[in-house]
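4 protein chains.
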Amino acid sequence: MSTDTEPKCSPTHPALSGSEKAIQGLRETGQYFFQRGWSVGTSSNYSVVVNRSPLQLMVTASGMDKGRLKPNDFVRCNYDGNQVDGSNMPTTDQPRSSAETLLHVVIARMEEVGSVLHTHSVWGTLLSDHFGAKGGFEIEDYEMLKGLAGVKTHQHVEHVPIFENTQDIPKLSEKVEKRLHDESQPPIHGFLIRNHGLYTWGEDLDEARRHIEIYEFLFEVLGRKLAAQGKLCQSV
Amino acid sequence: MSTDTEPKCSPTHPALSGSEKAIQGLRETGQYFFQRGWSVGTSSNYSVVVNRSPLQLMVTASGMDKGRLKPNDFVRCNYDGNQVDGSNMPTTDQPRSSAETLLHVVIARMEEVGSVLHTHSVWGTLLSDHFGAKGGFEIEDYEMLKGLAGVKTHQHVEHVPIFENTQDIPKLSEKVEKRLHDESQPPIHGFLIRNHGLYTWGEDLDEARRHIEIYEFLFEVLGRKLAAQGKLCQSV
Amino acid sequence: MSTDTEPKCSPTHPALSGSEKAIQGLRETGQYFFQRGWSVGTSSNYSVVVNRSPLQLMVTASGMDKGRLKPNDFVRCNYDGNQVDGSNMPTTDQPRSSAETLLHVVIARMEEVGSVLHTHSVWGTLLSDHFGAKGGFEIEDYEMLKGLAGVKTHQHVEHVPIFENTQDIPKLSEKVEKRLHDESQPPIHGFLIRNHGLYTWGEDLDEARRHIEIYEFLFEVLGRKLAAQGKLCQSV
Amino acid sequence: MSTDTEPKCSPTHPALSGSEKAIQGLRETGQYFFQRGWSVGTSSNYSVVVNRSPLQLMVTASGMDKGRLKPNDFVRCNYDGNQVDGSNMPTTDQPRSSAETLLHVVIARMEEVGSVLHTHSVWGTLLSDHFGAKGGFEIEDYEMLKGLAGVKTHQHVEHVPIFENTQDIPKLSEKVEKRLHDESQPPIHGFLIRNHGLYTWGEDLDEARRHIEIYEFLFEVLGRKLAAQGKLCQSV
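Protein chains in written order, with this note's numbering: chain A, 74 to 309; chain B, 74 to 309; chain C, 74 to 309; chain D, 74 to 309.
Bound conformation, chain A alone (with noise of 0.2 Å):
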């Protein structure tokens, strides 16, 4: 773990900036994913990191209608995912913080990215069904790949990991942040949960809509190109 958790001082003004900047963009986001269907039915969470050093990031609150996010629908968490700012007070009409902050914050703090997207997509469901019991799959040979931040040929093998699903968000978040460390494995731009859906990461929120939209894109190919040939949930 390289990130500085350190607290620094850091002027108030920027930051809040940043923070209003961040909700401005995820509640656009959110409509967009909406549209597409990748997160309805409350799914899915964001979040933007909204201070480095010590680690604030702004996420969505829990269990929000991602097509109609409104200003207050977020919550600020710390390095340890833990709410910050008034949150901690004994209000419960406050907006809380989803039980996958925790996976949001692993992922966060790794110093390059900006920001964390988590979806609910079918086809990400349906090869996380079909690929869950290898673990994981690979995805080769398509220009698409491109779109995957550092990737500069089509000729690129992206592992993409899938984890069992599960309610214990502590145990997977370790889990996740042990495979982002493992320098023993490929590095990767993104992980599917088990029936349950996709997370993908940016050095900004542009960065990570657009690996949405990559993995989406190449998911619905290789979906399709499996049901074709008759092997989609088949026993792999």
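To be clear, the hints were calculated from the coordinates, so they are not data collected in a lab. Remember, it's a predicted structure, so these values are computed and weren't measured experimentally. Incorrect hints may appear among the rest.
If several chains are the same, the list does not tell them apart, and a pair holds so long as it fits within one copy or across any two.
Subject to a maximum C-alpha distance of 20 Å in a straight line, what follows is the list of computed SDA-like cross-link-like pairs (lysine to any residue) [claimed, not checked]: (1) LYS225 / GLU185; (2) LYS207 / LYS298; (3) LYS298 / GLU237; (4) LYS225 / ASP214; (5) LYS298 / GLU276; (6) LYS244 / ASN155; (7) LYS251 / GLU185; (8) LYS225 / GLU276; (9) LYS298 / GLY209; (10) LYS219 / ASP279; (11) LYS244 / LYS298; (12) LYS143 / GLU101; (13) LYS219 / ALA172; (14) LYS94 / ARG141; (15) LYS207 / GLN302; (16) LYS207 / PRO260; (17) LYS225 / ALA172; (18) LYS248 / GLU216; (19) LYS248 / ALA172; (20) LYS225 / THR239.
Chain A is already provided as a structure; the job is to place chains B, C and D on it using the hints.
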């Protein structure tokens, strides 16, 4: 049946205001569902409980275009599914209640229900065909199940009963009401009518909409999975 | 043929006003169908009857982008499919009527028809291919059938004739008109042209739109069912 | 190669005005294609010929979000694919031309071409995979083929060549240009790059857009047909 049906002295103006809010919400819901393809061809019916005791629902009138609902495309119905207010006057240009209003009513008689939504989707139709002879099916192990009220884990088994389609709505309503109150069977959040459509509900319009989204997402996942496996609409 | 074709003294202004209303409605219909993917690539033609006797239709001109129809992208045609008004002047920048106008005309000659809509959809094309050699197919037992004018129960069998595609529109129009008036065969609400598209109609534009929606919904259901069964576009 | 490449005295203002019109049209095209899912993840490139002699194209710059193109997300390129105007200044915040600009250029060198559009779609990708080893495929007998410029009947056979994907764009451009001018082979309206995307063109932006719509419609029809037949992405 635990619903209190005795008339109480409820103030008129809040009720009217509630009606206006209900109509506004249902018109917006219609535009949204129409755009998704879940309410085309003037299909579907939506309702909101505007008074609990005595029970009164604001329901979409018969045969209206759900993508372009106008403020007067609604009727107010009572516990028995009959229109109230001026709607029993012998004028022909009054909107009339749909025959299926009675289905809304038997669902809305449950005290915890504030809104009932009925839609017609392609995947719902295909699943109702596929599982129709069995009278229903189960959905389990998907994270999206947690979007159904009260479900706390993906390790949930949701039963989706399927009723045979009929034009005898009173008879169907009786069957539905019996199933809703049959404590020997698992509780449900919605049901299908074979080759017809989905009924679901919620404590308010937002929750009912969320349930529609959850069912439609899961129907598409399950439908595509069965299709890919070569099972959909083969003999079950 | 029972349509009265003798010219009557019809007031000019209401007719003009009807034309403007027709054009407005068809422009909006074009945007909607284009967005659904049923009228892309300048395909499709729409018409509204603006005068019954003598018969006059406002029809989309040839080759216009249906998603961006302008007020002058229409021509007025008569009982024989010829353009009326200033449109027979030898100017080249006048919009010209589509060759398929004649198909609109033979349908609109039926007195109960106020609008004719022709669209090109993926599922309609696939079904027209699949059932083309048989010359048609039946749709039955779906609640959505009740969206077709006069159908009161899902226990209805709707025949969908399929005509072979041809560029000889007068010959095709003759076949279509013969079928429309052939009382030895079941009445229909629309038909397909093989590997080409759908024609349907209604007493007004709203009803014709509803019929398009009903057919498209049912085509998708039937197409997905046949595909899942491994039958679609296999030898029938 | 018949294109006149000698510089002529072309008036500056109409050219500038043409550029502004080109940019406006391409920005709107980007929003539209993005919404259809044909240009997600910053994929795709679009161009409009803003001067014929000497040839100058307005091309989308590298890596821009096609759903949110800004007025300065474009570069002006010449006959050789090099940027003109101030774009060869050593500033880093200038938008840069995409590597694929050269493909636009070799197509736009044909005098009848006013616009080139390149998109990435799911069905195009699947067909390019399916038919890639054969180097192309034919589409015939669909009415929608008449949306391709100059095609007058559905009884047309349209050849769709498929080029192997590569990051060596100059080499690919050479192959493409050779094919475009190879009179021993049937003329084409577009081509695919394997597991990458579609290129098509037209005498102006409207015609190029229409061609994209026609190809995408026909790719979906053909892709769904092959999938239903159990052939898609099996050995051809």
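Hint check:
Within a single copy, LYS225 and GLU185 get their C-alpha atoms as close as 19 Å, which meets the 20 Å cut-off; across copies the closest is 34 Å, which misses it. Within a single copy, LYS207 and LYS298 get their C-alpha atoms as close as 18 Å, and across copies as close as 18 Å, so both meet the 20 Å cut-off. Only between protomers do LYS298 and GLU237 lie at most 20 Å apart by alpha-carbon distance; the minimum there is 19 Å, versus 24 Å within a single protomer. Taking CA atoms no more than 20 Å apart as the test, LYS225 paired with ASP214 passes inside one copy only; the shortest distance there is 12 Å, against 38 Å between copies.
In the homo-oligomer, the alpha carbons of LYS298 and GLU276 never lie at most 20 Å apart, since the shortest distance is 31 Å inside one protomer and 35 Å across protomers. For a Cα distance limit of 20 Å, the shortest separation of LYS244 from ASN155 inside one copy, 16 Å, qualifies, whereas the shortest one across copies, 54 Å, does not. Proximity of LYS251 to GLU185 under the C-alpha cut-off of 20 Å is restricted to the intra-copy arrangement: shortest distance 17 Å within a copy versus 44 Å between copies. Taking CA atoms no more than 20 Å apart as the test, LYS225 paired with GLU276 passes inside one copy only; the shortest distance there is 17 Å, against 33 Å between copies.
Taking the closest pair of Cα atoms, LYS298 and GLY209 come within 20 Å of each other both inside a single copy (17 Å) and across two copies (18 Å). For the homomeric pair LYS219 and ASP279, the shortest alpha-carbon distance inside one copy (15 Å) is at most 20 Å, but the shortest distance between copies (29 Å) is not. In this homomeric assembly, LYS244 and LYS298 never come within 20 Å of each other (Cα to Cα): the closest approach is 34 Å inside a single copy and 29 Å across copies. When the C-alpha separation of LYS143 and GLU101 is checked against a cutoff of 20 Å, the pair qualifies both within a copy, at 10 Å, and between copies, at 17 Å.
Taking identical chains as interchangeable, the C-alpha atoms of LYS219 and ALA172 lie at most 20 Å apart only when they sit on different chains, with a minimum of 13 Å there against 33 Å within one chain. For a Cα distance limit of 20 Å, the shortest separation of LYS94 from ARG141 qualifies both inside one copy, at 17 Å, and across copies, at 17 Å. For the homomeric pair LYS207 and GLN302, the shortest alpha-carbon distances inside one copy (19 Å) and between copies (19 Å) are both at most 20 Å. Within a single copy, LYS207 and PRO260 get their C-alpha atoms as close as 18 Å, which meets the 20 Å cut-off; across copies the closest is 35 Å, which misses it.
In this assembly of identical chains, LYS225 and ALA172 lie within 20 Å of each other by CA distance solely across copies; the values are 12 Å between and 36 Å within a copy. Only between protomers do LYS248 and GLU216 lie at most 20 Å apart by alpha-carbon distance; the minimum there is 19 Å, versus 31 Å within a single protomer. Within a single copy, LYS248 and ALA172 get their C-alpha atoms as close as 16 Å, which meets the 20 Å cut-off; across copies the closest is 40 Å, which misses it. For the identical chains of this complex, LYS225 and THR239 are inter-copy neighbours only, at 11 Å across copies versus 35 Å inside a copy, given an alpha-carbon limit of 20 Å.
When each numbered hint is compared with the structure, violations occur for hints 5, 11.
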